[in-house]
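There are 2 protein chains.
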Amino acid sequence: MTAEIIDGKKIASEVKKELKGRIGKLIDSGIEPSLIAVLVGDDPVSKQYVNMKHKACAKLGIKSRIVTLPESTSESKLLDLIGYFNQDNTVHGILVQLPLPDHINQLKINLAVDVNKDVDGFHPANLGKMLLGKPSFIPATPLGIMELLNRSGNNPEGKHTVILGRGELVGRPLSVLISLKSNGANSTVTLCHSGTKELGHFTKQADILVCAMGRAEMISADMIKPGAVVIDSGTTAVDDSTSEKGYRIAGDVDFESASEVAGYITPVPGGVGPMTIAMLLANTVSAAEKLAGKSDER
Amino acid sequence: MTAEIIDGKKIASEVKKELKGRIGKLIDSGIEPSLIAVLVGDDPVSKQYVNMKHKACAKLGIKSRIVTLPESTSESKLLDLIGYFNQDNTVHGILVQLPLPDHINQLKINLAVDVNKDVDGFHPANLGKMLLGKPSFIPATPLGIMELLNRSGNNPEGKHTVILGRGELVGRPLSVLISLKSNGANSTVTLCHSGTKELGHFTKQADILVCAMGRAEMISADMIKPGAVVIDSGTTAVDDSTSEKGYRIAGDVDFESASEVAGYITPVPGGVGPMTIAMLLANTVSAAEKLAGKSDER
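Respectively, the protein sequence lines represent chains C and U. Counting in my numbering, the first sequence runs from 1 upward without gaps. Counting in my numbering, the second sequence runs from 1 upward without gaps.
The shape of chain C in the complex, shown without the other chains:
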């Protein structure tokens, strides 16, 4: 068997096309959806992520502004800035790029962002609402994975989803989201992690296998059930002398061998990545619509 590729770029562009219509309506009614991205320090990878988000906004007609602060910025100064944007009614979404410097308490920052502008979905109250199955902002990567599955014809309902990795950005929230009693979810879910013995025992049972560990190419074909849907959310830089940059980005799955066994598979890059950005944009548009009174309460 050769797996069908789930094309994240293509699905993300479908999502963005739909957003364009919603953005047009907002602009027609005098509301310009707007996102503030706060970047503390000058980590090149964080910088690159923020720039990608900024460009994606611009392309779609979302006003976006990057606020860059020095690494030495105090926690209280960052809190003040968030408070300022919370008050600004022309700002609909606020994201604080992670990771933050060690002297800043990430939880405090997440708690400071107005829950109605928390387009990253990292505020505990939004995570808690998600857990209760109530409307909330949902972190972009798990939300993107749900879209990838449903839009590729792989509705997780009634299936057994095995998730590898319990990180707060992907595996943990996805394990909640995909098992909610709602359409397009309703999956039986197993959450595996660094404390799991015999990983293969679980992965081989997965109708849907989501890998979010960040360990390069750890999942091989013999760990995958024939015909399974394999979603790879891993991105690890590995040395590669054949590449111009000297490295390449590897997923958690050994793509070549896995695609001989799986029924569907996402590539890295071009799978989950583009969806993460698309869903951040979707959350921002939802936030603007909510302010305009066009959407359900979140």
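Worth flagging that the hints you see were computed from the coordinates, not collected in a lab. Bear in mind that the values here come from a model prediction, so they are computed numbers and not experimental data. Mixed in with the good hints, there may be bad ones.
You can't tell identical chains apart in this list, so a pair holds if it fits in one copy or across any two.
Under the rule of at most 30 Å between Cα atoms (straight-line distance), these lysine-lysine pairs were calculated in the BS3-like manner [what the hints assert, rightly or not]:
no.	residue 1	residue 2
1	K134	K197
2	K77	K290
3	K134	K77
4	K77	K197
5	K290	K16
6	K204	K225
7	K134	K47
8	K63	K108
9	K108	K134
10	K108	K17
11	K9	K225
Assemble chain U onto chain C, guided by the hints.
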């Protein structure tokens, strides 16, 4: 094999004994731990639960007060009352007995309780903090199940825990709690529910099987892995003409047959139930200690 009984009453009394020491210290320093229980309407089961909590408080030296409101109480009136107790510094814990009448939005009520007095752990921000593995108030039943496991020598670390039922009071929060990267947790977890096909396929793999579906005696011996730890959180009233009341309380597990296969098992009643009350008391004592500056930030 005949399973060893996990005696919830005995373990709960151990927990309460430890609390007594903490309560004594608080009282010595001039702080009388205090709980407000709000009961809306006159459902006899809710009344009975609230009374049990009240009595347990009294026995231990926690000041407790039941505020009973008529079924017709408006949402805004209930919100006002919660606001009043939020402001009252002599009140450390506030619980609103569930279920609420249909005309009251439960989420709004949960959101109204001060996160630092939310001894039921139902505020979305507390649930979200739990999901992030941060200190928070944790709902009493899942917290009680964690204590039952650890205090009976059945640390879930490295084990495969299968949970039946994704309700917001037990199964859902426990699935998060038991898989956190922390001592006494760190379990691989599978969450099954009404959308799960072939339940037995999953239950038979469980080192620890937690039943929280509320379906009387649905889990039979043939669904249990020999030697497994079986925790039964179900309580369903079933007709029983041999009982004085005309009914008896049944768990989700067919205790007689299951106890021939399991290694450990909780009875119903006398298993999870007493732990739920003990952990509510523990949360109230923690809230009082926090106000006294004796505990970590929640």
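Checked hints:
1. K134 <-> K197: This pair counts as between: shortest inter-copy Cα distance 25 Å, intra-copy 34 Å.
2. K77 <-> K290: both (28 Å within a copy, 27 Å between copies)
3. K134 <-> K77: between (33 Å within a copy, 23 Å between copies)
4. K77 <-> K197: Result: close neither inside a copy nor across copies, 44 Å intra and 52 Å inter.
5. K290 <-> K16: within (19 Å within a copy, 47 Å between copies)
6. K204 <-> K225: The answer is both: 5 Å in one copy and 20 Å across copies each meet 30 Å.
7. K134 <-> K47: The answer is between: 28 Å across copies meets 30 Å, while 33 Å in one copy does not.
8. K63 <-> K108: within (27 Å within a copy, 33 Å between copies)
9. K108 <-> K134: Both: 23 Å inside a chain and 11 Å across chains, each within 30 Å.
10. K108 <-> K17: Neither way: K108 and K17 sit 35 Å apart in one copy and 35 Å across, limit 30 Å.
11. K9 <-> K225: So K9 and K225 pass the 30 Å test inside one copy only (26 Å; across, 44 Å).
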